[in-house]
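Using the working numbering, read the sequence shown as starting at 110 and increasing by one per residue.
Quick caveat, the hints were computed from the structure, so don't treat them as lab data.
Hints are not guaranteed to be accurate.
In silico EDC-like pairs for lysine to aspartate or glutamate, Cα to Cα no more than 16 Å straight-line [claimed, not checked]:
1. K260 to E250
2. K224 to D165
3. K144 to E160
4. K183 to D200
5. K224 to D171
6. K188 to D254
7. K161 to E141
8. K183 to D204
9. K167 to E218
10. K144 to D156
11. K182 to D204
12. K169 to E225
13. K224 to E141
14. K190 to D254
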Amino acid sequence: MERNEEEETNGVWSDFPPYVVVTGTVQVHGGETRKMQSTAGDGGRVDVHMEKTVTDAKKKGDSVASDYMRRIKKLRVLKTKTPFGNLVHIDRLPDVKRMVASADIDVAEFNAVWKESQLYNCIIWEPLRGNRLNAFKVWLESHPDEASKIKAA
Numbered sequence: 110m111e112r113n114e115e116e117e118t119n120g121v122w123s124d125f126p127p128y129v130v131v132t133g134t135v136q137v138h139g140g141e142t143r144k145m146q147s148t149a150g151d152g153g154r155v156d157v158h159m160e161k162t163v164t165d166a167k168k169k170g171d172s173v174a175s176d177y178m179r180r181i182k183k184l185r186v187l188k189t190k191t192p193f194g195n196l197v198h199i200d201r202l203p204d205v206k207r208m209v210a211s212a213d214i215d216v217a218e219f220n221a222v223w224k225e226s227q228l229y230n231c232i233i234w235e236p237l238r239g240n241r242l243n244a245f246k247v248w249l250e251s252h253p254d255e256a257s258k259i260k261a262a
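Let the sequences and hints guide you as you build the complete structure.
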């Protein structure tokens, strides 16, 4: 893919379709404890193992986080995540905005109910342009199969 000499006013080259990049995740903090357990073994040997307990809040938080990762996968153009994030066509931007707003609400509701774990919405989106666009084009040159999928989308 070669760069056109003229750039559009939004910084995206005219030969490359408009995309947004979605990065980040819903993070779960807390709700896990780990303890070292030692038991007497045969012949004076001591067996040591880790015991991990997970609270219901952590399990629920993991479920919420997994749900948003599935939602992002459904929005992206390529089946795989790129080194620059999840590539989403600009036409799906309203869906991305709704998903981020929904994540904010779900995180706030979760944090109000569960005290053992906390959720953080770290999902962001931005237009694919500038240095990230240039790096993405270089990455596509080394991944021609992905480039053909983008051209077909």
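The hints, checked one at a time:
1. K260 to E250: Holds - the C-alpha atoms of E250 and K260 are around 13 Å apart, at most 16 Å.
2. K224 to D165: 11 Å, holds
3. K144 to E160: 5 Å, holds
4. K183 to D200: 14 Å, holds
5. K224 to D171: 15 Å, holds
6. K188 to D254: 12 Å, holds
7. K161 to E141: Holds - the C-alpha atoms of E141 and K161 are around 7 Å apart, at most 16 Å.
8. K183 to D204: Status holds; Cα separation ~11 Å.
9. K167 to E218: OK: K167 and E218 at ~14 Å, within 16 Å.
10. K144 to D156: The hint holds at about 14 Å.
11. K182 to D204: OK: K182 and D204 at ~12 Å, within 16 Å.
12. K169 to E225: Roughly 11 Å separates the two Cα atoms, so the pair holds.
13. K224 to E141: 13 Å, holds
14. K190 to D254: Holds, at roughly 14 Å.
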